[in-house]
Amino acid sequence: MCQIAPVHAVGRVALALMLRRVFRWLPRGVPGRYRRRNRPCPLSQGTAPPDKATRPVCTARAASSNRTGRSRRCDSRHTRPGARSGRICDMTERSVAPRPGALLLAVLLCAGVLLSAGCAAGPTGGAAALSSSAASKSRAVPRPVAAVRDDAIRYLYPAPKADPRQNYGNLYLPRGAHAPRSLPVVVLIHGGGWKNRSSAGYMADVARALQSAGLAVWNIEYRRVGSGGGWPTTFTDVGYAVDFVPTLAESAPALDPTNVILVGHSAGGQLAAWAATRRTLPAGSPGVTWPAGGGPTVTPRAFVSMAGVLDMRTSSRLNDHVRKALGGMPDQVPQRYALANPVQRIDPLMPSVAIHGSEDSIVPAGESVDFVAAARALGAPSLLVELDGANHGTPVNVRSPYWPRIRETIVKLAREGFDALAATPPR
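FYI, this note's numbering numbers position 84 of the sequence shown as 84, with every residue one higher than the one before it.
There may be inaccurate statements among the hints.
[Said to hold, decoys possible] Listed below are the simulated DSS-like cross-link pairs for lysine-lysine, each with C-alpha atoms no more than 27 Å apart in a straight line:
#1 LYS324 to LYS161
#2 LYS161 to LYS195
#3 LYS324 to LYS195
[What the hints assert, rightly or not] Derived Cβ-Cβ restraints for the label pairs, each shown as a range:
#4 GLN344 to PRO160: 22 to 28 Å
#5 TYR202 to ASP370: 22 to 28 Å
#6 LEU378 to ALA283: 17 to 23 Å
#7 ARG399 to GLY293: 43 to 49 Å
#8 ASN391 to ARG197: 16 to 22 Å
#9 GLU250 to ASN196: 26 to 32 Å
#10 PRO160 to GLN335: 18 to 24 Å
#11 ARG165 to GLY293: 32 to 38 Å
#12 PRO286 to ASP419: 28 to 34 Å
#13 ARG181 to ARG279: 19 to 25 Å
It should be emphasised that the hints constitute simulated quantities derived from the structure, not laboratory data.
Where a beta carbon is used, it is the ideal one built from N, C-alpha and C, also for glycine.
Turn these sequences into a full structure, and let the hints guide you.
Written out as structure tokens, the structure is:
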């Protein structure tokens with residue numbers, strides 16, 4: 001049984017706004033009175049061009065015409081050369097009696113607002129509505145910023161002094177319906193030498209290929225050298241983006257925040273290794289936002305480095321990318337290398353996969369070979385996937401003949417785990 005209750009504040013505001021809009025439609029005044037006058041048109045400015053003595057008649061309605069019934073017709077005539085515009089406004093004001101249909105609409109809208117605002121399905125209806133509103137505020141479900149394409153939605157992730165142009169990620173969900181917490185999540189981390197010359201856009205094809213294979217993909221952007229990044233902002237941004245996955249699951253319940261795989265290319269491979277092993281960072285280190293004895297919000301099941309910089313000391317001698325990212329050479333800022341260099345920060349409990357082309361001239365394949373050997377020496381599960389004849393960009397080229405093997409490696413790791421992958425790696 002519907003019970004009519006007093007209209008609360010929100011209902012009163014909605015009612016006032018509706019009535020205001022409705023009564024704007026109703027012409028005002030006394031029917032049958034007309035007033036005609038001629039005066040210079042307020043729309044005209046300047047002088048008439050000497051070669052255009054006559055201009056077409058223009059018709060315009062003032063903003064107030066909806067309320068007063070006033071129409072304005074401007075007839076452009078120039079009476080003499082050099083004179084001000086001779087536009088004459090033929091303004092006819094006509095007052096019309098209110099229309100019965102509009103009045104009836106106003107009455108119906110009022111009744112509808114009263115019923116919807118005051119009608120509750122029982123004595124607890126209002127309390128339920130209030131508790132639902134409070135719950136929605138406390139859960140803070142993230143709102144998408146924009147649709148990147150029909151297959152991705154952009155979200156901003158929180159970070160100190162965040163830049164919305166850079167602190168975001170694109171979420172790719174497989175098509176169709178999925179049970180809650182059924183989708184493994186791949187966090188994609190692009191490379192580019194930690195510099196702002198590259199962006200997450202070049203990983204979009206990889207994201208779509210993994211999406212079509214049935215994985216959810218969170219393709220993240222972060223601040224880089226040249227756009228507010230460097231040590232430690234670039235690194236901590238990646239940590240904040242990874243830790244945002246459980247919040248994403250609030251708006252996409254099919255995501256499984258306990259089954260997260262980090263996949264990075266080039267410099268992104270180093271960032272994936274750093275983010276995956278954050279739990280072993282010393283207290284007070286950049287990126288440690290949890291209390292003593294705790295850990296990051298998300299600890300991935302494994303990470304994948306594709307042509308990744310896994311020995312930053314070696315790469316610092318090849319070009320200036322590492323030096324600019326960390327702010328110096330190994331002998332200048334040794335503590336930063338100790339915190340960021342993957343081969344110096346191996347977590348014995350973190351599985352890893354290193355994919356590398358034998359013909360990589362940007363990051364030597366030996367970095368992946370040495371990393372896997374060092375990880376295994378410490379008892380960490382690690383797998384090396386060598387791509388014979390491949391170069392630095394091959395692992396992210398979804399049209400290369402190597403891609404099916406790379407895709408199956410990532411999919412099997414995400415769905416079945418490291419042990420199953422190591423037992424029967426794709427060939």
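Those earlier numbered hints the structure runs against, lowest number first: Violated: none.
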